[in-house]
Structure formats: structure tokens, C-alpha cells
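Spelled out from the first residue to the last, the chains are:
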Amino acid sequence: MITQTQLTLPALGRGFHIVTDDIVKALPNLPDQGILHLFMKHTSAGLCINENADPTVLEDFETLFNHLVPENFPNLKHTIEGPDDMPAHVKSVLCGDSVSIPITDGRLNLGTWQGIYYCEFRNQRHSRKIIATIYS
Amino acid sequence: MITQTQLTLPALGRGFHIVTDDIVKALPNLPDQGILHLFMKHTSAGLCINENADPTVLEDFETLFNHLVPENFPNLKHTIEGPDDMPAHVKSVLCGDSVSIPITDGRLNLGTWQGIYYCEFRNQRHSRKIIATIYS
Amino acid sequence: MITQTQLTLPALGRGFHIVTDDIVKALPNLPDQGILHLFMKHTSAGLCINENADPTVLEDFETLFNHLVPENFPNLKHTIEGPDDMPAHVKSVLCGDSVSIPITDGRLNLGTWQGIYYCEFRNQRHSRKIIATIYS
Numbered sequence: 001m002i003t004q005t006q007l008t009l010p011a012l013g014r015g016f017h018i019v020t021d022d023i024v025k026a027l028p029n030l031p032d033q034g035i036l037h038l039f040m041k042h043t044s045a046g047l048c049i050n051e052n053a054d055p056t057v058l059e060d061f062e063t064l065f066n067h068l069v070p071e072n073f074p075n076l077k078h079t080i081e082g083p084d085d086m087p088a089h090v091k092s093v094l095c096g097d098s099v100s101i102p103i104t105d106g107r108l109n110l111g112t113w114q115g116i117y118y119c120e121f122r123n124q125r126h127s128r129k130i131i132a133t134i135y136s
Numbered sequence: 001m002i003t004q005t006q007l008t009l010p011a012l013g014r015g016f017h018i019v020t021d022d023i024v025k026a027l028p029n030l031p032d033q034g035i036l037h038l039f040m041k042h043t044s045a046g047l048c049i050n051e052n053a054d055p056t057v058l059e060d061f062e063t064l065f066n067h068l069v070p071e072n073f074p075n076l077k078h079t080i081e082g083p084d085d086m087p088a089h090v091k092s093v094l095c096g097d098s099v100s101i102p103i104t105d106g107r108l109n110l111g112t113w114q115g116i117y118y119c120e121f122r123n124q125r126h127s128r129k130i131i132a133t134i135y136s
Numbered sequence: 001m002i003t004q005t006q007l008t009l010p011a012l013g014r015g016f017h018i019v020t021d022d023i024v025k026a027l028p029n030l031p032d033q034g035i036l037h038l039f040m041k042h043t044s045a046g047l048c049i050n051e052n053a054d055p056t057v058l059e060d061f062e063t064l065f066n067h068l069v070p071e072n073f074p075n076l077k078h079t080i081e082g083p084d085d086m087p088a089h090v091k092s093v094l095c096g097d098s099v100s101i102p103i104t105d106g107r108l109n110l111g112t113w114q115g116i117y118y119c120e121f122r123n124q125r126h127s128r129k130i131i132a133t134i135y136s
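Each protein sequence line maps, in turn, to chains A, B and C.
First residue of the first sequence? That's 1 in this note's numbering, and the numbers climb one at a time after it.
First residue of the second sequence? That's 1 in this note's numbering, and the numbers climb one at a time after it.
First residue of the third sequence? That's 1 in this note's numbering, and the numbers climb one at a time after it.
Bound conformation, chain A alone:
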């Protein structure tokens, strides 16, 4: 069985944000067993799974992603929307635009230290839309 819902994330601004609770609250009842697929409908933000406990991890992710894909890199052509735009596209590919999480016993089967990250790579705040598909 397939169940699909569109969610809107809060406009949290540039950075890495843990949104596990926001997403779980917005979902319908989970089946006993299955998969949750979350898909970001945007090309300069991402979804991934990582450490859910220490807020400095989120800050270090921002630091290291900025190191990986620097702004104002020489010879870029797609610069009309500002220096954060093209790096945001590349970061979203590095991070990924979707996550698939097993559902077991009616709950997301995440590890103890795992949370769902919404990664915003643009300076300007945006409301981002996600399609949640549950198959069971």
C-alpha cells in the first residue's frame, strides 16, 4: 500500500536543522512494517540523516560544507542569484534530496543517535515542500 502526503517545513534559514519531530507529527499513522521516503522538491536544500544530540554538530556541518563548496569560486557562470546559489545546488547533490527510512513495529527504525536533517543552503529563508511516501 502507498500513502502520500505533502509537508511544508518551517522556514528555518541557512544551516542544518533536525526536523525528525516536525516530520513525524505531520505523517499519518505509520504501518507496522514498511519504508518512509521523504523527497525535497527543491534544488538548493537537502535531506539527510545524522547525529541528533549535540547542537555543535550542526554548526560544524555548516563549516565543513562551506569548506567543501566555497562561495566565489573562480570562473563560475551561474552567479546571477548571488554567491550562495551555485554552491547551494552542489551541496544539495552532495547531501542528497531524499531519505528512505525503515518502519518497524509502527515506528521509524532510526538508530539511537540518528535524526532527520533539513539542510538549507540558501541565505534567504524559504518554505520547503517535502513529499512523504509510505509504502507497506
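Do not take every clue at face value.
Only pairs whose alpha carbons sit at most 25 angstroms apart, straight line, appear in this in silico DSS-like list of lysine-lysine [unchecked claim]:
hint : chain 1 : residue 1 : chain 2 : residue 2
1    : A       : Lys-25    : C       : Lys-25
2    : A       : Lys-41    : A       : Lys-129
3    : A       : Lys-41    : B       : Lys-77
4    : B       : Lys-41    : C       : Lys-77
5    : B       : Lys-129   : B       : Lys-25
6    : B       : Lys-41    : B       : Lys-77
7    : A       : Lys-77    : A       : Lys-25
8    : A       : Lys-129   : A       : Lys-25
9    : C       : Lys-41    : C       : Lys-129
If you're looking for bench data, these hints aren't it; they were derived computationally from the structure.
Based on these hints, arrange chains B and C on the given structure of chain A.
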């Protein structure tokens, strides 16, 4: 229900290419609701989703991926197939070898600016095979 | 139909390891057609798919991932667990925490040169848990 098809991408040469239309044309009729999973059967090319409008984005992706994983990096061992080979393997992992896209109302539920990218990381042209699995 | 199993990977130590056979042996019988989803329940290790033949590829992956996300990067805050910890979190996002592989004719439909990689980014050996979900 599961439907599976093997597709062959055109040999487009090194770079980032938007292949949304090629893929949609090669698929059977889409179900009302479900997921499309596309899987690249190769280790030096990738699939991802990004900006579908400005061709300079594709060029900047090439520039920034070459910056991320430089050719002729010191002390690499797997060099027999040329300086583009080992970077191509790493780029394919960074990019990802598959995408999963929600299907809603019988169509791919991509955002306005989203297209499917075929990312070729080798200098030599190759015909790349993809397995498309639709579950509904 | 959904079938779910929890697997434990051998504690192989830091590096990139091909675990295709370990995983296939631990799975129940595969259906004729479907998808295998493997999900790493940890935030400093990853799963991906790449070259399955030359062991030096695994060493070069380690070299290039260390180049991508250096240890002792200035101004990191999450350093209490050692210099390999925060880079491990970022590497696990770059690599990805899950893979989805088509199943065709009762077998994983991997390309000739594709194998499943378990990527361990911490110095200390860990036993890593994976949830395998087969849908058909």
C-alpha cells in the same frame, strides 16, 4: 505492484546532462501513486536531481566536482585506466547512483525547477544502463 | 510484500570494505522482482556502491575522502570524541547511509563491476547494524 524496465542512456560524454524527458519517454505508463527508482549499473557515472533551466548550472557542476575530487592527486594507486578514473569512482559516490522520485496523479512529482541529471565522470563516451523500478 | 531483517556487519575497522557477499548471505530468499533497501543505523559510517575488483580502489577512496574532509579543520566545535569524529559524520552524509538495489530474477541486479561498500569512518572498530528491507 512492481514494474521493472532497463533503459540505455545516450552516450553524451563527460559532464552533467538533464535526461528527464529521455527517461520519462522510456518508461511504461506511470501508476496513479507510487515511487520511481532509477539505478545506474555503473561505478563511474551517477544520477541525481537538480536545476533544470539554466545550462550554465551544468557547467558549474563540472567545475565544482573537479575541484572537489582533483585528478592527479598525489599517492593514488588505481591509476592504470587514466587520471579521470579514480576521481570518477569517488564522484559517483558523492553524487549517488540512484534516485527515488514520488509519482503522484500519474506523473513524476518533481518540483518546478527539478530535473533528472545523468552525470558522466569518465572522459571516454559510454552507453550507460539504468534499471527503472516502479512500485505502486 | 515487505520483508525486514536486521544484520550486523563485522567490525572491520576504518576504511572502505566490500560486503556484498556478507549481506547476500544474511538475507532471506529474494523475490523474483523488487527492491532491496539497506539502511545503516549509525551516523559515522556509510553504505554505497562502487568498484568490486581492484583493492587499491578501496585505499584510494580512503585517501580522497580524507582529502575532502580533513581532520583537525580549524574552528570545529564537536571535538570531544577525537579528531576523526566530526569528519566521520560529514563523510557519512557525503557517502550516504542507505542503498536501494533492484532485484531482478531473484538476484541483486548489480552491474558487473558493482559491489556494496561498508564505509567505516571512525578509528575505533564498531559492529554496525543494518536494516534490510525487501519489497516486492
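So which of those numbered hints doesn't the model satisfy?
-> Hints 1, 3, 4 and 7 not satisfied by this model.
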